[in-house]
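Chains as they are written, first to last, in full-length UniProt numbering: chain U, 1 to 161; chain E, 1 to 261.
Simulated from the structure, these hints should not be mistaken for lab results. Heads up, a few of these hints could be off.
Chain U side only, calculated, beta carbon under 8 Å to chain E, not exhaustive [what the hints assert, rightly or not]:
(1) Asp-41
(2) Ser-43
(3) Glu-68
(4) Tyr-129
Simulated coverage check for chain E against chain U, where a stretch passes if three residues somewhere in it have a Cβ under 8 Å from a Cβ of chain U [claimed, not checked]:
(5) 2–10
(6) 30–38
(7) 93–103
Chain E residues, not near chain U, derived (Cβ > 12 Å throughout) [what the hints assert, rightly or not]:
(8) Ala-20
(9) Asn-111
(10) Val-130
(11) Ala-149
(12) Leu-150
(13) Glu-151
(14) Glu-152
(15) Asp-165
(16) Thr-209
(17) Val-221
(18) Ser-230
(19) Gly-233
(20) Ser-236
C-beta atoms are modelled at their ideal positions from N, C-alpha and C, and glycine is treated no differently.
Each chain is listed here by its residues.
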Amino acid sequence: MTNVSMTVNGKAVSGEIEGRTLLVTFLREGLGLTGTHVGCDTSQCGACVVHVNGEAVKACTMFAADAEGAEVTTLEGMANPDGSLGTIQAAFQEHHGLQCGFCTPGMVMSAASLLKENPKPSEAEIRDYLEGNLCRCTGYHNIVKAIMAASGQDVSSMAAE
Amino acid sequence: MYEFDFERPSTIAEAVAALATEDAQALGGGQTLIPTLKQRLASPSKLVSLSGIAEMKGISADGGTVTIGGGTSHAAVAAGAGAYPALAALAGNIGDPAVRSRGTIGGSLANNDPSACYPSAALASGATIVTNTREIAADDYFEGMFTTALEEGEIITAVRFPVPDAAAYAKFEQPASRFALVGVFVAKYADGVRVAVTGASEDGVFRWTEAEEALSANFSVDAVAGLSASADGLISDLHGDAAYRAHLIGVMTKRAVAAAS
Ligand SMILES: Cc1cc2nc3c(=O)[nH]c(=O)nc-3n(C[C@H](O)[C@H](O)[C@H](O)COP(=O)(O)OP(=O)(O)OC[C@H]3O[C@@H](n4cnc5c(N)ncnc54)[C@H](O)[C@@H]3O)c2cc1C
Ligand code: FES
Ligand code: FES
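For reference, chain U alone in the conformation it holds in the complex (with noise of 0.2 Å):
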C-alpha cells in the first residue's frame, strides 16, 4: 500500500492504494464519489470519464497512482456551488438526455470537455466527439439536443423524441 494525493473537485485528498488501485475505484470506494460509473471496465463504454488535468480520461484505464498531484474532476464537482444542477446537468434534465442514467456521468464529462475545445459544436461534430460514450438507451438523439442546448444554441428545429 502506498498513499496518493491528488486534488478532487477542487478538494486535496489522499488515501491508501495498492499499485493497481484504478483511479475509478479510487474515486468511488475510497472517496465514496459514486458519480463516476462502471460500466464496461474495458475501456469500451465511457460512463467512468473524469477530468484529469482538465482532459476526458476513462477512470477505469488510469492507476490512481499515475493521478498524483492531479486535478481530478468528477460528474460530482459539475454541479453549481450552491448545489443546483450546472447548466450540462440542467440541459440533459430539460432535454430528456438520459433514461436509465447509467451513461451519463460519462456524457455530462465529455461534453463538458467538448464545450471547452469546441463551445458552439455542430451536431455531427458532438457525435463524433461522444464516439467513446455508449448509451443503450436513449438512441442519442436528445444526448446531442441537450449538449447543443448548453451551448446555447438554438434547438427548437431538432425534433422532439
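Could you slot chain E with the ligands onto chain U? The hints should help.
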C-alpha cells in the same frame, strides 16, 4: 489484475533503473496495457509509469523534422504536430477523446498492434525510433504482429519524422473497436513515395512496394488505379476476410493519394 509494485519516476535514467527489476514493465498511457492486466494476460512484478517524465513529452519541429517525445499523448500530437499535418490528423482520429488523452506514441509503437495507426505513419515516413540506448530505423523496427526490435526494458524516448512534401492517412475504421480495419499512410518525399499498410497483414504493418514504385513515377490516383494488393498472408476475421482487406488496401491507397495531392 494481479498485484504489482508501482513506480513513477521523473527522469528517463530513473525509469531505466527501475525497469532493471525482473519482470518490471513500462506503463505508457495504459490504454492497451491496463485492459491486458485486467485479463491477466500480463503479470509484471512492477509497473514503471512513464507519465511523470517531462523530458519524454512534447513536440518540436526543426529543419524538416518533427520530433515527438515517446510519452506524448495522441491528443497532444493532434493539437501540436501542425508541422506534419497528416500525422496530426492521424493522431486526432485514434480511438476517442478519452483514449487520446492518455494513449502515447511510444506505447502505440512499442505495442505494434497489427491494426494500430501510428506504425503506418512511422513506416511510411521512414521515421527513427529513439530509445534510451540507440536509434532504430522504422524499416528495421517492426518485426511482425506485436513484435518489435525493442529489447527487454528498452524505452522509446522519442520518434523523429522527416516531414514529407505531401502525405495523408486513410483509415477504414472498424466501428466497434475504432482501430483500423485497414489503414494506408502515403508519404511523398523528394526521393520517392512510401506507402505503409496497417490493419491488413498477419505480419503487422508493411510497405506496399508496388504502389510505391507506381506513385514514385506518377503521384496520382490513376497510377495506382490498376494495382491490386495480394490477399496472401492477410488477416481473415469476422470483420472481413483476406480478399476484402486486399480490396480495401487498394481503395484506401487511392483515398490517401487523393487526399494528399
Ligand atoms: C477504445 C480504444 C480505441 C482505440 N483505438 C485505436 C485506434 O483507432 N488506433 C490506434 O492506433 N490505437 C487505438 N487504441 C490504442 C491506443 O492508441 C493506445 O494508446 C496504444 O495502443 C498504447 O499506448 P499506451 O501509451 O496507452 O501504452 P500502454 O498501454 O501503457 O503500453 C502498451 C505497451 O507498450 C509498452 N510501452 C508503453 N510506453 C512505452 C515506451 N515509451 N517505450 C517502450 N515501451 C512502452 C508497455 O510496456 C506495453 O507493453 C485504442 C485503444 C482503446 C482503449
Ligand atoms: S467503465 Fe470505463 S469505459 Fe466503460
Ligand atoms: S440513459 Fe441508459 S445508458 Fe444512456
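Hint check results:
1. Asp-41: Constraint on U:Asp-41 satisfied, holds at 7 Å.
2. Ser-43: Because about 6 Å separates U:Ser-43 from the closest Cβ in chain E, which is inside the 8 Å limit, the hint holds.
3. Glu-68: Because about 6 Å separates U:Glu-68 from the closest Cβ in chain E, which is inside the 8 Å limit, the hint holds.
4. Tyr-129: At 6 Å from the nearest chain E Cβ, U:Tyr-129 passes the 8 Å test, so the hint holds.
5. 2–10: Our answer is that it holds, as 6 residues pass the Cβ test (under 8 Å) against chain U, meeting three.
6. 30–38: holds (count 6)
7. 93–103: The restraint on the segment 93–103 of chain E holds, since 7 of its residues have a Cβ under 8 Å from chain U and three suffice.
8. Ala-20: Its Cβ never comes within 12 Å of chain U, the nearest being 18 Å, so this holds.
9. Asn-111: 14 Å, holds
10. Val-130: 24 Å, holds
11. Ala-149: Given that every Cβ of chain U is farther than 12 Å from that of E:Ala-149, nearest at about 27 Å, it holds.
12. Leu-150: 22 Å, holds
13. Glu-151: Fine: 24 Å to the nearest Cβ keeps E:Glu-151 off the interface.
14. Glu-152: The claim stands: E:Glu-152 keeps its Cβ more than 12 Å from every Cβ of chain U (closest is about 20 Å).
15. Asp-165: 29 Å, holds
16. Thr-209: 34 Å, holds
17. Val-221: E:Val-221 is indeed farther than 12 Å from all Cβ atoms of chain U, at 26 Å.
18. Ser-230: The assertion about E:Ser-230 holds, with a minimum of 33 Å to chain U.
19. Gly-233: E:Gly-233 clear of chain U: closest Cβ-Cβ about 29 Å, beyond 12 Å.
20. Ser-236: 24 Å, holds
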